[in-house]
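Undergrad: Here the protein sequences come in this chain order: F and E. According to numbering that gives the first Met the number 0, the first sequence is numbered sequentially starting from 0. According to numbering that gives the first Met the number 0, the second sequence is numbered sequentially starting from 0.
Bear in mind the hints are in silico, worked out from the structure with no lab data behind them. As the structure is a computational prediction, the values presented were derived from the model and not from experiment. Treat the hints with caution; some may be incorrect.
DSS-like, lysine-lysine: derived pairs with alpha carbons at most 30 Å apart [unchecked claim]: (1) F/K223 to E/K310; (2) F/K223 to E/K67; (3) F/K144 to E/K67; (4) E/K67 to E/K310; (5) E/K161 to E/K199; (6) F/K144 to E/K310; (7) F/K208 to F/K144; (8) F/K223 to E/K307; (9) E/K67 to F/K208; (10) F/K208 to E/K50; (11) E/K67 to F/K217.
Here are some chain F residues pointing at chain E (derived, C-beta under 7 Å) [as the list claims (entries may be wrong)]: (12) Y105; (13) V184; (14) L211; (15) L221.
Note that CB positions come from ideal geometry on N, CA and C, so glycine has one too.
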Amino acid sequence: MAEDTKSPQPPDKEELAKAANPAGSGTPDPSTPGTPKSATPATEKPAAPAAEKPSAPPAEKPPAAAAPAKPAVPAKPAGPVPQLWDSPLVAKLKRQYGTGLEAWTYLNQNYLQVDRSLIPTVLQLLRDEDQFDYCVDVTAVHYPKRERQFDIVWILYSFPRNERLRVRTQIADGEHIPTASSLWVTANWLEREVFDMFGIQFDGHPDLKRILLPDGWKGHPLRKDYGIIQQDQEWVQINLGIDSGQ
Amino acid sequence: MTDPNSSVSHLDLEESKHTFLDANELVINMGPQHPATHGVLRVILRLDGEKVMGLECVIGYLHRGVEKIAEHRTYTMFNPYVDRMDYVAAVSNGLGYCEAVEKLLNVEAPPRANYIRVILTELNRLASHQLWLGTHALDIGAMTPLFYTFRDREEILKIFEKYCGARLTTHAFRIGGCQYETYEGFEKDVKKFLAFVAPKIDEYEELLTTNRIWVERTKNVGTISAQDCIALGVTGPVLRASGVKWDLRKAQPYANYKLFDFEIPTGENGDTYDRYLVRMAEMRQSLHIIQQAVEGIPEGPIMAKVSKVIKPPVGEIYHSIEAPKGELGYYIVSDGSTQPYRIRVRPPSFVNLQALDLMCRGQLVADVIAVIGTLDIVLGEVDR
Numbered sequence: 000m001a002e003d004t005k006s007p008q009p010p011d012k013e014e015l016a017k018a019a020n021p022a023g024s025g026t027p028d029p030s031t032p033g034t035p036k037s038a039t040p041a042t043e044k045p046a047a048p049a050a051e052k053p054s055a056p057p058a059e060k061p062p063a064a065a066a067p068a069k070p071a072v073p074a075k076p077a078g079p080v081p082q083l084w085d086s087p088l089v090a091k092l093k094r095q096y097g098t099g100l101e102a103w104t105y106l107n108q109n110y111l112q113v114d115r116s117l118i119p120t121v122l123q124l125l126r127d128e129d130q131f132d133y134c135v136d137v138t139a140v141h142y143p144k145r146e147r148q149f150d151i152v153w154i155l156y157s158f159p160r161n162e163r164l165r166v167r168t169q170i171a172d173g174e175h176i177p178t179a180s181s182l183w184v185t186a187n188w189l190e191r192e193v194f195d196m197f198g199i200q201f202d203g204h205p206d207l208k209r210i211l212l213p214d215g216w217k218g219h220p221l222r223k224d225y226g227i228i229q230q231d232q233e234w235v236q237i238n239l240g241i242d243s244g245q
Numbered sequence: 000m001t002d003p004n005s006s007v008s009h010l011d012l013e014e015s016k017h018t019f020l021d022a023n024e025l026v027i028n029m030g031p032q033h034p035a036t037h038g039v040l041r042v043i044l045r046l047d048g049e050k051v052m053g054l055e056c057v058i059g060y061l062h063r064g065v066e067k068i069a070e071h072r073t074y075t076m077f078n079p080y081v082d083r084m085d086y087v088a089a090v091s092n093g094l095g096y097c098e099a100v101e102k103l104l105n106v107e108a109p110p111r112a113n114y115i116r117v118i119l120t121e122l123n124r125l126a127s128h129q130l131w132l133g134t135h136a137l138d139i140g141a142m143t144p145l146f147y148t149f150r151d152r153e154e155i156l157k158i159f160e161k162y163c164g165a166r167l168t169t170h171a172f173r174i175g176g177c178q179y180e181t182y183e184g185f186e187k188d189v190k191k192f193l194a195f196v197a198p199k200i201d202e203y204e205e206l207l208t209t210n211r212i213w214v215e216r217t218k219n220v221g222t223i224s225a226q227d228c229i230a231l232g233v234t235g236p237v238l239r240a241s242g243v244k245w246d247l248r249k250a251q252p253y254a255n256y257k258l259f260d261f262e263i264p265t266g267e268n269g270d271t272y273d274r275y276l277v278r279m280a281e282m283r284q285s286l287h288i289i290q291q292a293v294e295g296i297p298e299g300p301i302m303a304k305v306s307k308v309i310k311p312p313v314g315e316i317y318h319s320i321e322a323p324k325g326e327l328g329y330y331i332v333s334d335g336s337t338q339p340y341r342i343r344v345r346p347p348s349f350v351n352l353q354a355l356d357l358m359c360r361g362q363l364v365a366d367v368i369a370v371i372g373t374l375d376i377v378l379g380e381v382d383r
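Chain F with its partners taken away, still in its complex shape:
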C-alpha cells in the first residue's frame, strides 16, 4: 500500500519523460537512419530545455531538474547505433518491395522495418523462400505519442540457416493486422496474448479472444495509458466479491 501511494506520482513525471523520449527521439531512432539519429539527440536534448525554459511556462520544474543531468547522458552512449544491413536476402526483398522495407542491424541482430501493407507477403516470403520456419515470438510495443501507436514485432528463426530475424511494422490504434497463424501455428496463442495485452485485432485469426486475463475484463494492460495499479474494478467486484484487490 505504501508503495502504491508512492509510485503513482513519481511515475507520472517519469512517464512524461519516458513518453516524450520515445516519441521524440526514441521512436524514430530505430526506424530511421541511425547515424543522423545519434547526432540529433545530442544536439536536440540540451537545446530543447534551454529553448523551453525562457519561452515556455507549460514545461514546469521537471525540465529544470533534468537539464543539468541531460547533457551528461547523450555524451556517454556514444555506443552502438543501428547500421544498414545488407545481405542477399535484403537485396532480394529490396528488389521486390523497394522503399516499403528497410533493413537494419543493431548489436549484431538484424531486423526489417516493413510497411504495414507488405506484412503478409513479406512474412509469407520469409517462411516459404528463406526458410524462416520457426516463429519465436509475436509481440507489440506501445508508443502513445506517435501517430501510428504500435510496433508489432515478429521474431523469426530459421533452423536450416541458424539465423534470427526480427520483422517490425507500425500500425495505428484500431488498425487491424492480418494473422500469421496461417503461416506458423504457434502464432495463435502469441497473437491472442498481443490482443489481450494491447487490444490489437488480428484479421483471420481462428479464435481471437483473451488468453491471460478473464474474458469479461475491460482494458488492455500493456498499453502505456493503463496504470500500474489500475484494474477493472467492476469485474473484480462482481466476480471476486471484493471491493478491490489492492
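Using the hints provided, position chain E relative to the given structure of chain F.
TA: This is chain E only, laid out in the frame that chain F set:
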C-alpha cells in the same frame, strides 16, 4: 530440415471450429485445482467415451503482469522478478535476463563469473529435471521416484543456499556478473555432489526405464512429429525428443558454453517415453558440463564494470537461452532511461503448452495427465 512449404494439415486451424454433434460426446472440465496440472491450469476436454477429441487450455490464473511491472522498475529492480516466472529454474531465468541487459549495455561478464553462472545454471537444470521426473512419475502412478528425486534435489538447493542464501528464487546473478564470490569449499561441495548424484540418476533409470507399467503408460503416448514441433514453436527436450538436434547452447552459444564439450541427446519417436529418455540423458550431460566447469574455473573478478545506475542506450535486443523447458527469450526495448520501455518474455512453457491439444487428440483421458507431465510446464511461467 523440414520442408517449409508442406502444409500442417492436421493442425488445420479450421478444425477447432468444427463442432461435434455426436450424442456420445462429453465435455468435462479438468482443473484449475487438479493435482496433475502442476499448478492452476484448467483443461476443457471434449471426450468420446474415454477418447479425447480435443481440448482447450484455460490459463492466466497466475497472471501477475510481470511485463507491466518491468516498465515501472529499474533494470536492477526487475532482476528478482524473473525468478518468479519459472520458479523451479530461477537461475536460468536470471541468466537470460542478465545476459540480455548486458548485451544491451554492450558489456560482458568476466570469465570467472561465466563459469559460476554455468555451474549454477546447470545445477538448476538438473534440479528442474529432477522435480519434473518426480512429479511426472507420481502423476502416472510411480510414487517412489518422487522421494528419490526430491532427496537428491535437496543437495542442489543446499549449494544454492550456501552460495546466495536462497533455495528457490535465488536471484543469483547481477547485471554484469555475479554479486557473490563463491563460498569457501564451493568447488568441493559441487564435486562431492557430482560424485553423489551420478549413481542416483542410474537409480532413477533402474526404477523406470524398463519398468513395464512405465513403458506402457509412456510409449506412443502424446506423440508429436518434428515438423509439428517446429510449426508450433515447441522447443527444449520436447523438440529434441522428436529428433531435432537443436539446443541453443550449441546453436547460438551464450555465456561460455562454447568452452565445454557436451552432447545434445535426441529421441526418435517424439513420444512421452523418448522425452523421458532425453531428459535423463540431459541430466548426465549437465553433470558432464559442471564437471568441466568446476575443474576449469579461473581466478579473477566476478563483476564487469557496470555503472551503479543502469542506463542502456536507446535500442532493442532479443536474447534467448536454453532454459530447462526450452527457448527462454527476453525482448527488451530501451528508451535510454533507467527503466525498460518494454520487456517481453518469450516463455517456453507457454508456447509448449499450446501443443497439448495436438498431442492429446485420440489419446485416452489418463494420457492427458501423462502429456501434461511430459511437457514439463510451470504455470508461473505460462501466466507470468
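Undergrad: Which hint numbers doesn't this structure obey?
TA: As far as the earlier hints go, not one is violated by this structure.
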